[in-house]
Amino acid sequence: MAKRIDIGGLNAYYGSHKAIEDISMTVEPRSVTAFIGPSGCGKSTFLRTLNRMHEVTPGGRVEGKVLLDDEDLYGPGVDPVTVRRTVGMVFQRPNPFPTMSIFDNVAAGLRLNGSYRKNELSDIVEKSLKGANLWNEVKDRLNKPGSGLSGGQQQRLCIARAIAVEPDVLLMDEPCSALDPISTLAIEDLIGELKERFTIVIVTHNMQQAARVSDRTAFFNLSAVGKPGRLIEIDDTERIFSNPSVQATEDYISGRFG
Amino acid sequence: MASTTPLDIPPAPPETRSRPRSTGRAGDKVFLGLSRGSGILLLVIMASIAVFLSYRAYLALSENEGNFLTTFDWNPAGDPPVFGIAVLLFGTVISSIIAMVIAVPIAVGIALFISHYAPRKLAAPLAYVIDLLAAVPSIVYGIWGALVLVPYLEGLNLWLDQFFGWTYFFEKTEIGAARSLFTVGILLAIMILPIVTSVSREVFLQVPKMNEEAALALGATRWEVIRLSVLPFGRSGIISASMLGLGRALGETMAVATVLSPSFLVSLHVLNPGGGTFAQNIAAKFGEANPLGRDALIASGLVLFILTLLVNGAARLIIARRKEYSGANA
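Chain order of the listed sequences is A and B.
Residues in the first sequence are numbered consecutively from 537, following this note's numbering.
Residues in the second sequence are numbered consecutively from 374, following this note's numbering.
Possibly wrong hints are sitting among the right ones.
[To be verified] Selected chain B positions facing chain A (in silico; Cβ < 7 Å): (1) Ala587; (2) Leu591; (3) Ala593; (4) Thr594; (5) Glu597.
[As the list claims (entries may be wrong)] In silico DSS-like pairs for lysine-lysine, Cα to Cα no more than 30 Å straight-line: (6) A:Lys763 <-> B:Lys582; (7) A:Lys663 <-> B:Lys582; (8) B:Lys582 <-> A:Lys601; (9) A:Lys554 <-> B:Lys582; (10) A:Lys654 <-> A:Lys675; (11) B:Lys582 <-> A:Lys731; (12) A:Lys554 <-> B:Lys494.
Since the hints were derived computationally from the structure, they do not count as laboratory data.
These numbers were taken from a predicted model, which means no experiment stands behind them.
Where is the CB? At the ideal position from N, CA and C, for every residue including glycine.
Given only the sequences and the hints, what does the whole structure look like? Please build it.
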């Protein structure tokens, strides 16, 4: 079930260093929202606050609200483990469990969540691998290690692993930056299909990619080195790339940045 | 935020191993001579140890009237001389196995606690204290074992005998102080704990962050992260750490000699006093042995040497194989 995310007045820290400041925005369900901005502007940090992964980093701390359909992820008594089971994440570099088979990789999240019968499990694994456009390539070697796949296949395996548990939201942190152009295209096509079912947030350095895959785009920047990153604007992707309302956005997009 | 991707990293230049020619500078020549000399010296030392052990062992074995491998007796001064390593091999292996069974799970637990559970302020001193255990001389362990551990273990022995006597191993059929292989095993476990812990800890700290984040992002609890990411990655490391510990347990001398009351008996009742190990037997008998007795002890030392060599070789094999399945992206 795709859900809306409402973020209000969010600050994130690494120890005493404030990485992002006062971010408020809404992420629409069943759509792709892209985060763009220069390196170090805090977009990955912000992404990681949306499934409470930021606080895993030593010294990581978050203030503010993240509402997932009116439920505050940072509310008292909310278990971060439960949050991460409903907000899935795909990382910059493919990270399948190296000693596990392809099947076990996809089933890993399910096995954490509860017990399934064997045929139930293989149905979900098949459905997830099909959902990640990987089924045809691996159906004959489900028992082989996931680390034997190519980089692009591994990344789709990680997507299959993330969607197998039917999350509400799927976060993607530069999912194509370690991949070749053909694998990138495969992932982008996949994102287009997945947005029918999930709320997708993607961080990318590739502005063409943001323009291709996203419905809405958020631009982040920092006012100076050492200052926290801020949200400059968020709008429909088309508008951001044709007629942004802030000059800094236009400078960044047209390459006149810095 | 790291923006470098693998695509940005230029391929490392192929390592060139061509040895630069000596330009005749004196420093180069002296250093070359020194390093080559040390290398050759090491080989010479190893070869002479092997030759010495084998020759003296041959002298002893050609006089032996009993079967060296199966005889339950050590009487090289007798007429005819009869001695065998059956008891020593048995005692060495059994006490080491007991030590491993006790030490490895505890060491892995401590290593996991230090690497993944303990707050940073506690982890560093704790790691230091564990390493400090390795600095205690083995004779001190031996004295502590004989004066403190042996009397304290009597209660445990009674309890084990009463409730687990049916397992045969823990049936105590002879009365006497707890100067048994079981006590030796416990003492050895304490002694090998630091090495197994510190090697395991190092391996656990090397688990790539992205492997752990993969589990975390799926909604894994801390224990589930360890089960999904840390233990599979560290498994071969744990095995090689255990092998290193085993190597030490097999060769431990003074602590065993101080605690054990030696006897030439083989019994799987590990609580019974008695038994012996290679190193303990050599330490106990060498001083008063006649020339043939010394050669016989050296022959038993050769067997221990081979046993330790095999264990270390196995550990090295496992460490080498580790590279293959260290992970897709590591």
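Taking the hints in turn, this is what the structure says about them:
1. Ala587: holds (4 Å)
2. Leu591: Holds, because the Cβ-Cβ distance from Leu591 of chain B to chain A comes to roughly 4 Å (cut-off 7 Å).
3. Ala593: Status holds, d = 6 Å.
4. Thr594: Holds, because the Cβ-Cβ distance from Thr594 of chain B to chain A comes to roughly 5 Å (cut-off 7 Å).
5. Glu597: Given a least distance of 6 Å, the restraint on Glu597 of chain B holds.
6. A:Lys763 <-> B:Lys582: holds (27 Å)
7. A:Lys663 <-> B:Lys582: holds (29 Å)
8. B:Lys582 <-> A:Lys601: holds (27 Å)
9. A:Lys554 <-> B:Lys582: Distance ~23 Å between Lys554 of chain A and Lys582 of chain B Cα, so the pair holds.
10. A:Lys654 <-> A:Lys675: holds (17 Å)
11. B:Lys582 <-> A:Lys731: holds (28 Å)
12. A:Lys554 <-> B:Lys494: holds (23 Å)
The structure shown violates none of the earlier numbered hints.
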